[in-house]
Amino acid sequence: MKSPGCYLGAKVIKRSPRGLIMSQQHDAYFVPVASYWPFVAAVVMFTTMFGAAHWLNAAPGETGFGKTVWLVGMVGVLAMFFGWFRSVIRESLAGSYNHQVDTSFRMGMMWFIFSEVMFFGAFFGALFYIRMFSVPWLGGEGHGVLTHQFLWNDYAASWGANGGNGPQHLGGAFRTVPAWGLPLLNTLILLSSSVTVTIAHHALRAGHRGKILLFLGLTVLLGALFVNFQAHEYIEAYHELNLTLHSGVYGSTFFLLTGFHGLHVTLGTIMLAVIWFRVLKGHFSKEHHFGFEAVAWYWHFVDVVWLGLFLFVYIL
Amino acid sequence: MSHAATHDQHDDHHGAPKNFFQRWCMSTNHKDIGTLYLIFALTMFFIGGSFAMVIRAELFKPGLQLVQPYFFNEMTTMHALVMIFGAIMPAFVGLGNWMIPLMVGAPDMALPRMNNLSFWILPFAFTLLLSTLFMPGGGPAGGWTMYPPLSLQSDSLAYVVFAIHLMGISSIMGAINIIATILNMRAPGMDLLKMPVFVWSWLITAFLLIAVMPVLAGAVTMLLTDKYFGTNFFNPGGGGDPVLYQHIFWFFGHPEVYIMILPAFGIISEVIPTFARKPIFGYKAMVFAIASIAFLSFIVWAHHMFAVGLPLGADIFFMYATMLIAVPTGVKVFNWVATMWGGSMTFETPMLFAVAFVILFTIGGFSGLMLALVPADFQYQDTYFVVAHFHYVLVTGALFAIISATYYWLPKWSGRMYSEFWGKVHFWNSVVWVNVLFFPQHFLGLAGMPRRIPDYNVAFANFNMISSIGGFLFGASQLIFLGVLIHGVFFSKKKATDRVWEGAKGLEWTVPSPAPHHTFEVPPVIHDEELAHGNVNA
Numbered sequence: 001m002k003s004p005g006c007y008l009g010a011k012v013i014k015r016s017p018r019g020l021i022m023s024q025q026h027d028a029y030f031v032p033v034a035s036y037w038p039f040v041a042a043v044v045m046f047t048t049m050f051g052a053a054h055w056l057n058a059a060p061g062e063t064g065f066g067k068t069v070w071l072v073g074m075v076g077v078l079a080m081f082f083g084w085f086r087s088v089i090r091e092s093l094a095g096s097y098n099h100q101v102d103t104s105f106r107m108g109m110m111w112f113i114f115s116e117v118m119f120f121g122a123f124f125g126a127l128f129y130i131r132m133f134s135v136p137w138l139g140g141e142g143h144g145v146l147t148h149q150f151l152w153n154d155y156a157a158s159w160g161a162n163g164g165n166g167p168q169h170l171g172g173a174f175r176t177v178p179a180w181g182l183p184l185l186n187t188l189i190l191l192s193s194s195v196t197v198t199i200a201h202h203a204l205r206a207g208h209r210g211k212i213l214l215f216l217g218l219t220v221l222l223g224a225l226f227v228n229f230q231a232h233e234y235i236e237a238y239h240e241l242n243l244t245l246h247s248g249v250y251g252s253t254f255f256l257l258t259g260f261h262g263l264h265v266t267l268g269t270i271m272l273a274v275i276w277f278r279v280l281k282g283h284f285s286k287e288h289h290f291g292f293e294a295v296a297w298y299w300h301f302v303d304v305v306w307l308g309l310f311l312f313v314y315i316l
Numbered sequence: 001m002s003h004a005a006t007h008d009q010h011d012d013h014h015g016a017p018k019n020f021f022q023r024w025c026m027s028t029n030h031k032d033i034g035t036l037y038l039i040f041a042l043t044m045f046f047i048g049g050s051f052a053m054v055i056r057a058e059l060f061k062p063g064l065q066l067v068q069p070y071f072f073n074e075m076t077t078m079h080a081l082v083m084i085f086g087a088i089m090p091a092f093v094g095l096g097n098w099m100i101p102l103m104v105g106a107p108d109m110a111l112p113r114m115n116n117l118s119f120w121i122l123p124f125a126f127t128l129l130l131s132t133l134f135m136p137g138g139g140p141a142g143g144w145t146m147y148p149p150l151s152l153q154s155d156s157l158a159y160v161v162f163a164i165h166l167m168g169i170s171s172i173m174g175a176i177n178i179i180a181t182i183l184n185m186r187a188p189g190m191d192l193l194k195m196p197v198f199v200w201s202w203l204i205t206a207f208l209l210i211a212v213m214p215v216l217a218g219a220v221t222m223l224l225t226d227k228y229f230g231t232n233f234f235n236p237g238g239g240g241d242p243v244l245y246q247h248i249f250w251f252f253g254h255p256e257v258y259i260m261i262l263p264a265f266g267i268i269s270e271v272i273p274t275f276a277r278k279p280i281f282g283y284k285a286m287v288f289a290i291a292s293i294a295f296l297s298f299i300v301w302a303h304h305m306f307a308v309g310l311p312l313g314a315d316i317f318f319m320y321a322t323m324l325i326a327v328p329t330g331v332k333v334f335n336w337v338a339t340m341w342g343g344s345m346t347f348e349t350p351m352l353f354a355v356a357f358v359i360l361f362t363i364g365g366f367s368g369l370m371l372a373l374v375p376a377d378f379q380y381q382d383t384y385f386v387v388a389h390f391h392y393v394l395v396t397g398a399l400f401a402i403i404s405a406t407y408y409w410l411p412k413w414s415g416r417m418y419s420e421f422w423g424k425v426h427f428w429n430s431v432v433w434v435n436v437l438f439f440p441q442h443f444l445g446l447a448g449m450p451r452r453i454p455d456y457n458v459a460f461a462n463f464n465m466i467s468s469i470g471g472f473l474f475g476a477s478q479l480i481f482l483g484v485l486i487h488g489v490f491f492s493k494k495k496a497t498d499r500v501w502e503g504a505k506g507l508e509w510t511v512p513s514p515a516p517h518h519t520f521e522v523p524p525v526i527h528d529e530e531l532a533h534g535n536v537n538a
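Chains as they are written, first to last, in this note's numbering: chain C, 1 to 316; chain D, 1 to 538.
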């Protein structure tokens, strides 16, 4: 392997031979050398956010320079991910990462997924509150008698097409996406993709390269298919059903929940595709393939979120 | 391993890396990153403090004297955001960064590069936030809680929301790093129940951060889409509810309150045993109390919303759940007192701040109990009583603990002793003026003065003038702190010993002062008698 730049590579501090206890688990402590990628990451994240904020505040009909700044930031973010992961992959391939580093990475990914669960929790919580409290109350139930009486006494609260857009019927009459069409198909697609990624994982542990590539490739295709169907669903919602972001809280919760989930599926698919190419390049061994596992965990997580969506957004 | 492959790489093992950018912007060293966090927090403390000076200057007399009402509202909003997200939280993360690896015998944080990213996001996030003050239309002025529909009227909303997203990403990554460090990097023999209480408090705080920062991100994202993308989460006309925002926000907000106090509990639990020369009283009870407070923090959020018109059952549930928190908090206060009881106490500056913490934080806790009572809260809601309450827990609580920790560990960081005389001057000025500043605000609140207003009834004039005088002098006292810090880091002639304090126990005191760039490259052999709580199971 060619000599990497100063940001790259690893300094391994050798274990001292003295002491009985420490030889049990610490083969060596690993502290990575300095890297400019974190600083670059902070700069490009700032660029993206500043551009987006400026873009959102642009006068109607104009985009100002915000859009350009945002685009530059996004390109920077992609380049940063590419560069940072490249250096990590090189260090990993050079054998710098020991068992302790592996555990740290695993904990990092697990807690990251937990934070994502809590992010979706905020939107699920909003959905439950709206359905359990705010809409019934606007219809005069329990706590909302006076609001109903004085503001909207003709509002018959119900969820879905008959009242899900609130007492002012914002966005106009709309119809909902039937659960047993595309959403059911998408459920089957995601569930199958969870199976295929698990088969690929077992193949990886058994060392069957062809099988990994086949089933991981299938998973990527199923992910892409899901996103494709989701896009079709959105187009149909906008053009056929008049279900839009403006359709009261029904539209708000529907599009924010499915939209953030779709975004996560898109990201997950890209991550799986990257892993597919890494398998092709022979980056993983039977024992060391945390990159694969992390993405698989992430994939199972988006799968579980979808089951929640299917139940609470589409069926109920 | 790759030992052979490392020879051709530049080695920052025995000294600082080459240049300024490499040392500070590319760092993977927990001490350098901790220092960056602390300097950043101090800077933000003075920026947020200057906003507070504007507020107190305007409130010095009834009537509008200095600033326009909208600017006044920007100041109250920004003061809160800067102090919470810019000063208190980064200061705790900086202390955690510096001390946790030293306290558990780890060579560094578990994920050193992510650590660097966590820090470097912050200056950019605050650039984004503070820049709104100079934009046409001004900065956010609807209060740091950003309640809709008021917050939706501000053109700066997008900047504020994205700044909060960045701060959230930074906090989550910082918290993940701390959990991974504590669970995965401890030296062999450093059992979980032998860890210093400060480390325990950070482990639990980090869990709270990962659990609730994403919820805040979700809440402000809904604000963003309501303003810019036509959603109706908080618009009753579309079936939404502004109170929904308050629920989501305070589901984040109440654990956030404990995020800002649990590490302070940890600090006080380190400082008091050192200067009382006794082990902490009831170590396990202290740990379980922190955990109980953290658990309860998830089921008390609506006590911030008693007056918005919740169903009675909700009011009563949240009232009792809130009062329950007094139990584990009482355990902590009694245990600190019991630790001091019969100890050979000396009162160096860190101890003075710690003792002041115990007394003044308890006052803040008691006013919190008063606010927890639903019928009483209907009167106190949105008055200066609330302002007095949370400044007692945040200034004489969180901030005093941070100052105590700074004096306590500064000799370990810099290798020099700060001036004890000027430290005490700083303490006595702080502790006197902070009470002159905030105690009269209890009376103002009970008399009915609302918070977040630039002008008030002349009936409130005297106490406001006293409060403002206290505010100016408390602010000025912090310049003494700055002076002591600069002297203690760069100029002091008095070298610190490794142990620094006679009664100090724990791994961090076994390394030289100043702590070398890299410590515990080889896992230390743990001798239980060196630890503050080594014989806890005996």
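Keep in mind the hints are simulated off the structure, nothing from the lab.
Keep in mind the model is a prediction, meaning the values are calculated, not measured.
Here a beta-carbon is modelled for each residue, glycine too, at the ideal position from N, C-alpha and C.
Take the hints with a grain of salt, since some may be wrong.
[Unchecked claim] Computed footprint of chain D on chain C, listed as stretches where at least three residues anywhere in the stretch have a Cβ under 8 Å from a Cβ of chain D:
id, segment
1, 105 to 112
2, 121 to 135
3, 250 to 261
[What the hints assert, rightly or not] Facing chain C, a subset of chain D residues (Cβ under 7 Å, in silico):
id, residue
4, P107
5, L312
6, I486
7, V489
List of violated hint numbers, smallest to largest: 5, 6 and 7
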